[in-house]
Amino acid sequence: MTRVLGRLLTLLDHTIAWLAGLALLIITVVLFTNSMSRYFAGIAIIGGEELARYLMVWMTFLGSYLLVRVQRHVSVDVLARLLPSVAVRVLDIIVGCVGAVVLGFMAWIGWDLASFIMNTGQMMSSLPIRRGWIYMSVPVGCGLMAFAYTIQVVIRLAGGELPRPERFGLAGGPDEQAAVVASESQESR
Amino acid sequence: MPAAILLSAAIALIILSFPIFLALLAATIMTFETVGPPMPSRVLAQRMVEGVNVFALLAVPLFIFAADIIGRGQIGRRLVALMEALVGHLRGGLAIATVLACAMFGAISGIGAAAVVSIGPIVYPALLRAGYDRGFAVGLILSASTLAMMIPPGVAMILYSVQTSTSVARVFLAGLSSGVLFVILISAWAYIYAVRNDIRSGERAGLKEVGRRLLGSVWALGLPVIIFGGIYGGVFTPTEAAAAACVYAAFVETVIYRQIKPWQLIKISQPSAIMIATLLILIAAGSLMTWYLTLERVPAQIAAVMSAIPTEGVLAMINVVFLMAGMFIDPNSAVIVLAPLIQPAAMAVGLDPVHLGAVLVFNLAIGMITPPFGLNIFIGITTFRLPYLTVVKSVMPFIGLGIVALLLITYIPILTTWLPRAVHG
Amino acid sequence: NTPVLKIAHVVPPGDPRDTAANHVADLMRNSDACPMDANVYPSAQLGGTTDLIEGMQLGSIEAVVLPASFLVGFQPIMGLMDFPFFWPTDLDTLLELHQSDAMRQMLDTTESQGVYSMAVWHTGYKQWTANDPLRAPSDYQGKRARVMPSAVLVKQQESLGMTPVDMPFPETYNALQSGAISAQENPITTSYVMGFHEVQDYLIMTNHGNLDQIFMVSRAWFDGLGADCQAELEAAVEEGRELVVTETLSLEERGLEAMVEAGIEVIELSSGEISDLREATLPPVRELFLQRTGDEGQTILEAIESEIGR
Ligand code: NA
Ligand code: NA
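Residue numbers (this note's numbering), protein chains in the order written: chain U, 1 to 189; chain X, 1001 to 1425; chain P, 2001 to 2310.
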């Protein structure tokens, strides 16, 4: 049972990671193509700028879910470094509870906002897409984050360990990650 | 009063090791829901989204993505080889070549840690062989790597410009000025060090060898040319330039250097997107908090208090706050959270926003190498496999150099403002 | 219980619309009949553009001053305000038209979005700035220009064979300087304040449109005020409307002088050249507008046309 749940969770994580990465790739391609076609062909893709912004917003909230999963959000962890592991476990549970409540609330008011704006029928300024879709990133992203914090509480209460950042190619932080890559590429030489 | 509740709650949660975005969200939501003003709560969700729904902000993910691609490739190695051929024969030549390679790397990358891992492992053994002390070598690499923050493009500078509505192009040029100043100071220190310790210089590379290495790094050198040539030549806007940097870096590393396979780009995009979210979600939460404090007129009140203090005093206070922030959190997060709170006050006492940007970014660059939690210190520990205290000791003289440079930049504004004025009027 | 009035806009302090907004806030703060806790939030402090209007719908902002173009996403009929070579170029005639019933009929279309468009604040006629003396429609061919995200404005530029680029306003200066775009359209005051004359050679006096502002309030909030409060606010906004015109005219005069001094060449067009430009742009824009807005758009367009006497 736990194994199946664990698999489902991994599947969810990987799907979200793919979507976030895809958003980044599309942003890159859209902005690059837009500048090239404008300069060399005199064709401007109206709406490319807006699409890129919307994808960035979605990437923010989707990526944040994964950061909660692997505990990689920016924090000043002076205290956590000094505490014994029992206290760190208690701290994880407290952070998880506050996170679940705060982001659950955010998801709920985000849903309220998104459905309100959907109902006004307002469109993006240059694309035939309802503006409400940009706000849908809040209930989805914050809902996922609240879920991830709940899982964190459950895991830590049960005495388990949280997933490692390596799962997403993230060693400790952006820099340790770069260090790992550097040592990998040295080995490959 | 609501502002005091909000800020103390946020600080308490941050000290308790809460993720900063969660601390800001929790404190703002709690204050908003308890002491008002009476508004429907869904406004909070709107302010979060609109905080990141900003075109100029797109440069941030794109330059980070570009840095990730470059960090996995060949560009760093080629730059070092070139700089060594150019200045290796001078007194302190290899150390100066390291500084220049970091500076060139900075013209490609926008974050202050990437050069440590791209250039560090290449120059570190060479520096030791040439007779430089281990502490000097590590300190030099870690501090010169921060040049990437000052030399454009720089993610911290972009974030500052977005958060304070200042012209990115001007802040870039001010950052370039402060970067050049820092290059001169570290190079001078390297020269003095080499003379005092009687370190041999390398042999002068023949013209043919210089040419060969120049050819070898021509694709790497092409990136800054494309970025700035493209911006100033009208091909793209600064934001689009970031996208061009990604495409170019991907092209060079996959097609020319063949260090990365094309399908790996899809894989690289995932950790990049996730790491980018650390900054963007902070911006979302931070702009919600700033919006609430603006409603309560807090920035205006800070400005009113500050306007009674002489400009020099305000600058000193800003330096202390940002140096301390830089010790504990990464520079980009510090800009996101603090710049919008401090900027109105700085404007009230008549500071030039472009000058302020250069000062803030330089502060945070120093913060990268300041204990206890300077980011580059930890990267140094992993990259060079050295103990914490050794690395901390090695950066000390360079922190001193950084503070000298900071004082010059802070109290002689013309050092950083003349270039943007000369170019943009 | 004092009503709160937050007036938000996106330009820096000192702009004519900021001065007028502050005047409205002062009047309401010091009102005897209906004192309000009134404050102005300039420089997009409370939000960018579209999200300010949403703020009124959500109940976080009471009043917003923005160009009508930003209302188009909410109400396509407001695109009429962006029509080229359509509005009277005589200032007094234009201001009179703004007070007409036909105009009120158009402004009332924002009611469906919970927005009460109280008044039109005139902030100047639009002129082109460019690196070439753009006279005939063929001169515009192939030029890249910044466009606001409004279908009508995009169509206007396309019908001249231009390449419209929807870049954010703050990037415009650098884009003009680098040549990423070579032209832009704005009132003289805006072009002057943004320093566009430093990076452009010609100011072409087309008077081809307006970038007039709508002073709008949340309908729900307005209805919650007492009748005397409503009357006080109407009067204050009317005073603001008059003030914004005088402020604009004086800034325009100073701006034009400074731009000429800085070396920009002013191009005056003959009435023949103007009517060539009108022929090239107005019919396609009109057709697009009618396609998008249907019968309701046609009724309002015709009402305003008959008011203008066209
Ligand atoms: Na850089
Ligand atoms: Na730090």
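To be clear, the hints were calculated from the coordinates, so they are not data collected in a lab. We put the beta carbon where it would ideally sit given N, CA and C, even for glycine. There could be a bad hint or two in this list.
What the simulated footprint calls covered on chain P by chain U, stretch by stretch (three residues with Cβ under 8 Å from a Cβ of chain U suffice, anywhere in the stretch; the number is not a length) [to be verified]:
# : stretch
1 : 2096–2104
2 : 2209–2223
Some, not all, of what chain U presents toward chain P, calculated at C-beta under 8 Å [stated by the list, open to error]:
# : residue
3 : Arg38
4 : Glu49
5 : Ser115
6 : Ile117
7 : Gln122
8 : Met123
9 : Arg131
So, going through the hints one by one against the coordinates:
Under the rule that three or more residues need a Cβ within less than 8 Å of chain U, the assignment of the stretch 2096–2104 of chain P is violated, with 0 such residues. Closer than 8 Å: that is the beta-carbon criterion, and the stretch 2209–2223 of chain P has 0 residues meeting it against chain U, so the requirement of 3 is violated. Given hint, Arg38 of chain U at the interface with chain P, holds; its Cβ is 6 Å from that chain's nearest Cβ, closer than 8 Å. Interface hint at Glu49 of chain U: satisfied, since its Cβ lies 6 Å from the closest Cβ of chain P, which is below the 8 Å cut-off.
Hint on Ser115 of chain U is violated. Least Cβ distance to chain P is approximately 12 Å, over the 8 Å limit. Given the 8 Å rule on beta carbons, the hint for Ile117 of chain U holds: about 7 Å separates it from the nearest Cβ of chain P. At its closest, the beta carbon of Gln122 of chain U sits 5 Å from a beta carbon of chain P; the interface hint therefore holds under the 8 Å criterion. Hint status for Met123 of chain U: holds, given a least beta-carbon distance of 5 Å to chain P, under 8 Å.
With a cut of 8 Å, the hint placing Arg131 of chain U at the interface with chain P holds, because the nearest CB-to-CB distance is about 7 Å.
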